[in-house]
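Chemist: Listed here are the chains, written in short residue letters.
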Amino acid sequence: GQNIDQPTEMTATEGAIVQINCTYQTSGFNGLFWYQQHAGEAPTFLSYNVLDGLEEKGRFSSFLSRSKGYSYLLLKELQMKDSASYLCAVLYNTDKLIFGTGTRLQVFP
Amino acid sequence: KAGVTQTPRYLIKTRGQQVTLSCSPISGHRSVSWYQQTPGQGLQFLFEYFSETQRNKGNFPGRFSGRQFSNSRSEMNVSTLELGDSALYLCASRESNYGYTFGSGTRLTVV
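Protein chains in written order, with the working numbering: chain L, 75 to 183; chain Z, -2 to 108.
Derived by calculation from the structure, the hints in this document are not laboratory data.
Even for Gly, the Cβ is constructed at its ideal location relative to N, Cα and C.
Warning: the hint list may mix true and false statements.
Said to hold, decoys possible - Computed from the model, here is a short list of chain Z residues facing chain L with C-beta under 7 Å: (1) Asn53; (2) Lys54; (3) Phe99; (4) Gly102.
With the sequences and hints as input, model every part of the structure.
Modeler: In structure tokens:
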């Protein structure tokens, strides 16, 4: 199978830092995406990792370790608008993007 | 560039009916993937089309089918609808490995 695991829910305080982990099965791995989805809306692209290491984009960073089948999304200086679901998705081979069930993040003032 | 367009946005059908959903990808994108999203299951992969060919298929029954036209527009069809088919159906298009872009989805309610 191609199970992708991430925590179901997380909470954090405005201004804090939160790390959302994702583990996946490595066979056929061809890239990892993070998406943000607000309730009732379509997922929007946050980041893409295909090589090991950290990709930084403003307040959001994503890390990948291919040998460990592990990624995390790091959100800094949290804002209320960051309350959303965060979806980890792995591209297997070249044509099958499989999603985890998502992590619902609630940011409190 | 216009984004990914899905029609209709909302749909109500009764059990046993069939339904066709449409997805127009971003201009120049030849790959279209379809997903079913339900609260408990997250985004479940249905199928992926590239240049009118289905390249991959998820674990859904044969009642779920799709096709892609020469202009890259794609349709998915669900026959003999069941209550459990109520979901948000999303399509995503891409040009290469990078940059899957999602449409706003079609919310299907089966009553």
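Chemist: Determine for every hint whether it applies to the structure shown.
Modeler: Comparing the hints with the structure gives:
Look at Asn53/Z: its Cβ gets to within about 5 Å of chain L, closer than 7 Å, so that hint holds up. Because the closest C-beta pair between Lys54/Z and chain L is about 9 Å apart, greater than 7 Å, the hint is violated. Checking Phe99/Z against chain L: minimum C-beta separation of about 4 Å stays under 7 Å; hint holds. The interface hint given for Gly102/Z holds, since its Cβ lies 6 Å from the closest Cβ of chain L, which is under the 7 Å cut-off.
When held up to the earlier numbered hints, the structure conflicts with hint 2 and nothing else.
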